[in-house]
Amino acid sequence: MERRSERIEITISSRFENIELVQVIAEHLCEHAGVDDDAAHWVGMAVREGVANAIKHGNRLDVAKKVNTVFRLEGSRLSVEISDQGTGFDPAEVSDPLSPPNLMKTSGRGIFYMKTFMDSVDYDFSFAGGTRLVMTKMLEQQTES
Amino acid sequence: MKTSSRNVNGVEIIKLEGKITIGAGDSQLRDVITNAVKEGKNHILLDMKDVSTIDSSGIGELVGAYTTVTNRGGKLKLIHLPGKVTDLLQVTQLITVFEVYEDESEAIGSF
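Top to bottom, those sequences are chains A and B. Numbered by the working numbering, the letters in the first sequence go through residues 1 to 145 in order. Numbered by the working numbering, the letters in the second sequence go through residues 1001 to 1111 in order.
Derived from the structure by calculation, the hints contain no laboratory data. Heads up, some of the hints might be wrong.
Claimed, not checked - Restraint ranges, calculated between C-beta atoms of paired labels, are given here: (1) Pro101(A) x Glu1017(B): 30 to 38 angstroms; (2) Asn102(A) x Glu1104(B): 28 to 36 angstroms; (3) Thr11(A) x Glu1017(B): 28 to 36 angstroms; (4) Asp119(A) x Ser1005(B): 37 to 45 angstroms; (5) Ser1105(B) x Ser120(A): 44 to 52 angstroms; (6) Ser76(A) x Asn1009(B): 52 to 60 angstroms; (7) Ser126(A) x Thr1096(B): 35 to 43 angstroms; (8) Asn1035(B) x Glu9(A): 36 to 44 angstroms.
For each residue, glycine too, the CB sits at the ideal point set by N, CA and C.
Chain A with its partners taken away, still in its complex shape (with noise of 0.2 angstroms):
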């Protein structure tokens, strides 16, 4: 079987209503690796919390500030990276939503989203200018009946 390798990157600038843009490459791309809906669904619902984050938190929705993401499929393996031009935050305050004091809460669901549907989320704040968000997911085929 051929091994697929396939690198999108797309980089738009912090609009809300660029978010379907990049959700709906990683849903396309989910589907050309053989992934099912529900799958697929599930991996751009991810990176649709992660760009979303990356305006509103990064960039602070300043429309002159970007977002990049880069997808890379290596075989089953995705990996996506969002890149933001903040100026980061610190993980550990992140609230947990299922926490008792935190369950009504209006907001704070986005990261923890990300974490059930990917396998992997980490941040690297090391590289100048913002935050980068890396979310991986090993991708199941659909097996053919």
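Fit chain B to the known structure of chain A by using the hints.
Same frame as chain A, but now just chain B:
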């Protein structure tokens, strides 16, 4: 997001159609609930059948809507939840907060 409302036996049924996502539908949901409460409607049934996409911001607004209505002594319930919305509520344990129905008569009778 589009909304439409009708009242059945004192229950305001608000149908939501389209996206409830950050920057598209999330604030609209907040506004429609705020307006309903201002008009004295405190028995609200959100029909989610035609919600196409919801994200964490949309889930947050659902939670906010629930809190807004219940803090005023009212009740907010959900009907016709799409499977993926159910999944998002389940993983964050919010499915235990909301009363969810599939049958409208049963939902209206529960208020």
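Checked hints:
1. Pro101(A) x Glu1017(B): 30 to 38 angstroms: Holds - the Cβ-Cβ distance for Pro101(A) and Glu1017(B), about 34 angstroms, lies within 30 to 38 angstroms.
2. Asn102(A) x Glu1104(B): 28 to 36 angstroms: holds (33 angstroms)
3. Thr11(A) x Glu1017(B): 28 to 36 angstroms: Since Thr11(A) and Glu1017(B) have Cβ atoms about 32 angstroms apart, the given range 28 to 36 angstroms holds.
4. Asp119(A) x Ser1005(B): 37 to 45 angstroms: holds (43 angstroms)
5. Ser1105(B) x Ser120(A): 44 to 52 angstroms: holds (46 angstroms)
6. Ser76(A) x Asn1009(B): 52 to 60 angstroms: holds (53 angstroms)
7. Ser126(A) x Thr1096(B): 35 to 43 angstroms: holds (40 angstroms)
8. Asn1035(B) x Glu9(A): 36 to 44 angstroms: holds (43 angstroms)
The structure fails none of the hints (numbered hints given earlier).
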